[in-house]
Amino acid sequence: VRKPDPRDHIPLSPYDFEILLTLLDSPRHGYSIIRKIERRTGGEVVLGTSTLYAAVQRLVKSGLLEESEPPPEHISPDERRRYYRATAFGREVASLEAARIQRLEKRLQTSPVRDLQPGPGAVE
Amino acid sequence: VNRTKQYPIPVRIYRYLARRLLGRRLASVYLEQAVETFTELYRDTGRGRSGGRTGLLFRELRSLLNTAGREGRSARRADRVVVQQQVLTATGDPGWKAEGSPRPGNGGFNGLMADIRHAARGLRLNPAFSLTTMLLLVLGTAGTILAFGAFVTTFIRPAPWLAEPDRVICLFKVEPEGRYLRFSYGDYLDVREGLDDLAELAAVGLIFPFVGSPSGVAEEITAEQVSPGYFRILGIPLALGRGFLEADFASGGQVAIISHRLWEQEYGGAPDVLEATIRLDGLEYGIVGVAPPGLSPLGSNLMRTDAWIPIRPLWRQNRDYESLQIVGRLRPDVELTRVQLQARTLAAGLVENHPIYWTDHRDRERSIEVLTERGARLPPPVRLQVIAESVMVAFFIGLILIVACANVGNLQLARGLARDREIAVRLALGAGRRRLLRLLLTESLMLSLLAVAVSLVLVTGLSWMASRFPGVVDLPAEVRVVPDGRVVLFTIGLALMTTVIAGLVPARQIVRPDLAATLKGHQSGGLRKGRRLRHRFVIAQVAGSLILVILGTLSVRNYQQLRRVDPGLQTEQVALLTLDLSHAGYTESDGRVFAGDLESRLENVPGIEQVAIAFQPAMGPLRRRVTDVVPTGYELPPGESYRCPVTPVGPGYFDLLEIPLLGGRDFNSGDTPASEPVAIINESWAARFFPDEDALGRTISLGASARIVAVVRDTRSVSLAEPPVPQVWVPFDQSFAAGMTFHIRTRPDPRIIVPAIRDLVRAMDDRLPVPEIGLLAELAARETRQARSILLLLNTIALVILLLAMTGLYAVMIFTIGQRRREFGIRMSFGARSRDLIGLVVSEGIGLSLKGAAVGILVILLLTPLLGSFFTGVSAADPLAIGAALIVLLGTALAASLPSAFRATRIDPVEAMRQE
Chain A
1 VRKPDPRDHI PLSPYDFEIL LTLLDSPRHG YSIIRKIERR TGGEVVLGTS TLYAAVQRLV
61 KSGLLEESEP PPEHISPDER RRYYRATAFG REVASLEAAR IQRLEKRLQT SPVRDLQPGP
121 GAVE
Chain B
1 VNRTKQYPIP VRIYRYLARR LLGRRLASVY LEQAVETFTE LYRDTGRGRS GGRTGLLFRE
61 LRSLLNTAGR EGRSARRADR VVVQQQVLTA TGDPGWKAEG SPRPGNGGFN GLMADIRHAA
121 RGLRLNPAFS LTTMLLLVLG TAGTILAFGA FVTTFIRPAP WLAEPDRVIC LFKVEPEGRY
181 LRFSYGDYLD VREGLDDLAE LAAVGLIFPF VGSPSGVAEE ITAEQVSPGY FRILGIPLAL
241 GRGFLEADFA SGGQVAIISH RLWEQEYGGA PDVLEATIRL DGLEYGIVGV APPGLSPLGS
301 NLMRTDAWIP IRPLWRQNRD YESLQIVGRL RPDVELTRVQ LQARTLAAGL VENHPIYWTD
361 HRDRERSIEV LTERGARLPP PVRLQVIAES VMVAFFIGLI LIVACANVGN LQLARGLARD
421 REIAVRLALG AGRRRLLRLL LTESLMLSLL AVAVSLVLVT GLSWMASRFP GVVDLPAEVR
481 VVPDGRVVLF TIGLALMTTV IAGLVPARQI VRPDLAATLK GHQSGGLRKG RRLRHRFVIA
541 QVAGSLILVI LGTLSVRNYQ QLRRVDPGLQ TEQVALLTLD LSHAGYTESD GRVFAGDLES
601 RLENVPGIEQ VAIAFQPAMG PLRRRVTDVV PTGYELPPGE SYRCPVTPVG PGYFDLLEIP
661 LLGGRDFNSG DTPASEPVAI INESWAARFF PDEDALGRTI SLGASARIVA VVRDTRSVSL
721 AEPPVPQVWV PFDQSFAAGM TFHIRTRPDP RIIVPAIRDL VRAMDDRLPV PEIGLLAELA
781 ARETRQARSI LLLLNTIALV ILLLAMTGLY AVMIFTIGQR RREFGIRMSF GARSRDLIGL
841 VVSEGIGLSL KGAAVGILVI LLLTPLLGSF FTGVSAADPL AIGAALIVLL GTALAASLPS
901 AFRATRIDPV EAMRQE
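Residue numbers (the numbering used here), protein chains in the order written: chain A, 1 to 124; chain B, 1 to 916.
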């Protein structure tokens with residue numbers, strides 16, 4: 001079996017990317033992921049619970065995320081909470097994706113699309 | 001831990017939906033987390049913020065639904081990829097990815113042809129399955145096609161030889177309470193004259209003469225006697241010769257038109273047939289024409305008729321013979337309603353002129369009804385009954401089809417079990433589920449189409465044989481099928497329907513196996529889920545089988561009962577000679593002399609043992625009008641009547657027919673017009689008026705009073721199916737009539753004596769019209785002939801159904817064994833003996849049968865009132881029939897499960913376990 005190649009996962013789906021970004025610094029549980037993404041995007045992206053876990057399942061399966069111990073400051077009496085964080089492979093994919101988006105941004109600067117008025121954004 | 005109870009309702013709903021929608025894979029790991037997250041979101045979404053929670057719920061629901069769709073698809077895709085990789089690793093084919101998904105011939109015509117080729121190969125490779133399925137479907141569909149064809153020919157399709165069928169009309173004499181009667185020749189002449197400006201009319205009546213040589217081997221045929229112009233008016237094109245002319249009638253009517261069949265078979269199809277003669281009832285008729293092929297009585301398209309003759313003089317001369325139908329054709333530009341109106345006016349006039357024939361026994365007037373030819377096939381008095389009976393027949397035959405389809409469905413499921421590995425591999429290799437479904441359906445459709453084609457050929461072939469070689473194949477004319485567009489369309493529809501019932505339902509189960517498990521050798525999850533469906537199939541099928549077996553048993557019982565019906569008189573070896581002296585110039589005294597003379601001469605004919613005179617034959621509908629007959633001085637309550645036929649009979653009548661006298665004396669030669677009027681009554685009459693007293697010696701009011709001299713046992717002489725009616729007889733001499741029937745008991749077959757009798761009559765007076773000579777046994781048989789053929793049909797159906805039930809149960813049991821291999825293996829390794837396994841299998845078979853039987857019995861009980869009209873004398877809820885059917889069915893269940901049970905004992909436990 002060959003070594004997994006981060007380029008196989010590029011481009012990431014927007015939700016997968018958001019989730020990955022959220023889990024780069026510290027482990028989080030589901031509720032926290034949804035809230036964090038909501039806050040960071042100013043309410044533009046609000047994930048549904050099932051969407052989140054479908055994505056988590058996918059990302060865990062392809063090795064971008066892994067389950068982790070809760071961070072010390074988050075020790076909670078509720079044992080049912082499960083925490084996830086990005087793997088090294090996930091970080092690699094995330095940085096590749098970020099680079100791709102930056103290149104995309106640059107191309108958009110010179111594209112006539114910038115003159116278009118942004119329409120009402122469709123979030124999930 | 002009953003923590004769920006504490007969750008708010010939306011969380012519980014979410015939990016439920018998530019478990020249902022997220023798919024097994026996702027839910028098995030993440031369901032609890034998702035519910036937890038949702039709970040947190042729900043608790044924390046601001047109670048303050050308006051719409052916050054509603055917004056959350058909507059968002060979550062949308063998310064659930066999106067995920068559900070994607071999850072299902074991607075899970076299957078993932079499976080496929082895994083298996084593809086396994087297969088490719090195994091086969092070492094490196095090129096697959098470059099070519100993309102290996103799904104050749106996915107759609108369009110090529111795909112269809114590929115499906116058909118593939119299906120044909122599948123069916124060929126599995127001949128046992130294909131043949132069984134075909135057999136089942138043929139059994140089911142052949143019956144349905146027969147029924148539909150009979151329906152079309154009986155009620156819809158106009159006779160092929162009829163010109164402009166829409167302008168052809170049929171007339172009926174109608175009683176006030178709606179009964180339809182026929183006309184006498186005198187009526188016909190009156191009606192023809194009265195409606196001449198609106199329609200051309202002809203009269204026609206069925207007769208059953210003996211055809212053949214005078215040597216004695218006579219065959220009864222169906223013939224029609226018709227008025228002049230019958231063929232011209234209906235527009236029937238003769239194959240040869242001419243129709244009847246007025247001159248034929250004037251000259252005595254010794255001419256005949258024969259059927260196309262008779263022409264070909266008996267006269268070699270040569271044109272010189274017009275110089276030949278045909279012998280009917282021992283009399284020569286000159287052949288003047290040949291009918292077109294298939295010419296049959298109007299309104300009964302397939303009844304075989306072999307000869308047409310001018311209406312016999314006896315019928316023409318006597319208004320008492322009310323057995324003719326009036327048919328005709330509207331004149332150009334005449335509306336049916338005008339004829340109907342004028343016919344009613346005409347009837348009112350006829351009531352004035354011929355009150356005896358145009359009023360009933362209570363002086364209520366009869367009228368004339370005019371219907372189109374098609375309408376006349378279902379005249380109003382019987383319309384509802386016929387429709388109800390058709391629906392019943394359709395129900396029974398539909399039941400056969402459903403049982404057959406359920407059988408096939410089960411077979412398909414069983415085969416699906418055998419094929420689930422093949423199907424899983426196909427799915428894994430990239431066959432879409434929809435595509436696989438299409439493939440399975442193509443197989444089913446091919447089977448169905450093949451089956452209905454076979455059925456159609458079978459049914460029409462049989463019908464053709466029956467009409468062509470009547471001796472070899474005996475199929476009642478009513479159920480012969482002539483293929484036409486309607487029948488073919490119906491057949492195709494039938495094939496589609498059977499495909500859906502027998503193919504689609506199981507196919508949907510078959511294409512849903514659990515790939516990974518199946519490929520690893522487990523039993524298919526999809527099929528395990530199909531267990532309930534399979535059981536439903538079995539239950540429906542057992543229920544249907546039971547209903548039909550009960551009906552079959554009932555029909556056998558009914559048939560036996562009908563055969564056992566004792567008419568109460570001895571009908572064998574009795575010939576009937578019918579004469580009418582009224583038109584040969586006889587006075588009453590001449591007639592008495594002639595009748596007495598003939599009787600004594602007949603007694604001297606060799607082979608004749610006994611002779612008795614009577615007004616009419618001892619069996620069959622009563623020609624004489626029935627009147628109120630009560631004891632002298634008895635006042636019937638107003639509005640009530642006691643109808644009772646009074647028949648004049650001569651001495652020896654009861655003795656000849658072996659009707660026992662329960663007391664008193666027979667009529668004798670002393671009972672003359674000069675002596676005291678006497679009468680003989682039957683038990684029913686006596687029971688009505690003298691329940692506790694001796695009726696002998698009492699008097700009865702018959703115009704004059706007559707003394708009762710004897711009571712005889714009841715007979716079913718009017719109709720075998722109905723209970724005896726009250727009857728009264730008077731001496732023939734005291735009530736002489738010009739119409740008379742001699743009852744002649746012979747020692748040899750009466751047919752042999754017939755020519756001698758005819759010669760005797762001609763020798764005595766050749767002015768007399770040709771006498772009618774028939775057989776009493778024939779009259780009795782005609783009564784039950786139709787009923788008998790229906791019962792025979794039901795018996796055949798019952799047998800077929802038993803076969804269906806057996807194959808169906810057998811298939812299910814085999815299936816069950818296949819599915820429970822591993823379980824049996826485990827049981828055996830834990831020490832189960834063969835006996836235990838057999839018990840296990842058999843009890844499952846019997847248990848399923850019992851469930852179906854319960855449903856079937858329920859249906860039968862619900863249907864009981866409807867079935868009453870079919871089985872006279874036997875109730876549908878007949879415990880004996882139900883019990884017998886149950887025993888037969890359980891016996892069948894046992895027989896069907898035992899082979900599978902023995903097969904179960906032969907399972908090698910090690911082998912069975914290793915397969916998992």
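Hint data in this document are derived by calculation from the structure and do not stem from the laboratory. Since this is a predicted model, take the numbers as computed values, not measurements. Some hints could be false.
If you want a taste of the chain A side facing chain B, the calculated C-beta under 7 Å gives, among others [as the list claims (entries may be wrong)]:
#1 13
#2 14
#3 26
#4 31
#5 48
#6 53
#7 54
#8 57
#9 82
#10 110
Beta carbons are placed, not taken as given, at the ideal position from N, Cα and C, and that holds for glycine.
Check: Close enough to count: is the Cβ of residue 82 of chain A nearer than 7 Å to one in chain B?
Finding: The hint holds - residue 82 of chain A has a Cβ within 7 Å of chain B, the shortest such distance being about 5 Å.
Notebook entry, point to check: At a threshold of 7 Å, is the proposed contact between residue 110 of chain A and chain B supported by beta-carbon distances?
Noted result: Violated. Min distance 35 Å.
Check: At a threshold of 7 Å, is the proposed contact between residue 26 of chain A and chain B supported by beta-carbon distances?
Finding: With a minimum Cβ separation of about 17 Å from chain B (threshold 7 Å), the hint on residue 26 of chain A is violated.
Checklist line | Evaluation of the interface hint that places residue 13 of chain A against chain B, nearest CB under 7 Å | finding: Not OK, violated: residue 13 of chain A not within 7 Å of chain B, min 11 Å.
Next item on the list: Let me know if the C-beta of residue 53 of chain A comes in closer than 7 Å to any C-beta of chain B, holds or violated.
Entry: With a minimum Cβ separation of about 4 Å from chain B (threshold 7 Å), the hint on residue 53 of chain A holds.
Item checked: Residue hint residue 14 of chain A, partner chain B, criterion CB-CB below 7 Å -> violated, 14 Å
Note to self: Using the nearest Cβ pair, does residue 48 of chain A come within less than 7 Å of chain B?
What the structure shows: Since chain B brings a Cβ to about 2 Å from residue 48 of chain A, closer than 7 Å, the hint holds.
Check: If you take the shortest Cβ to Cβ gap from residue 57 of chain A to chain B, is it below 7 Å?
Finding: holds, 6 Å
Note to self: Quick check on residue 31 of chain A please, does its C-beta sit within 7 Å of some C-beta on chain B?
What the structure shows: holds, 4 Å
Next item on the list: Return the status of the interface hint for residue 54 of chain A: holds when the least beta-carbon distance to chain B is below 7 Å, violated otherwise.
Entry: holds, 5 Å
The structure fails to meet hints 1, 2, 3, 10 from the earlier list, while all remaining hints are met.
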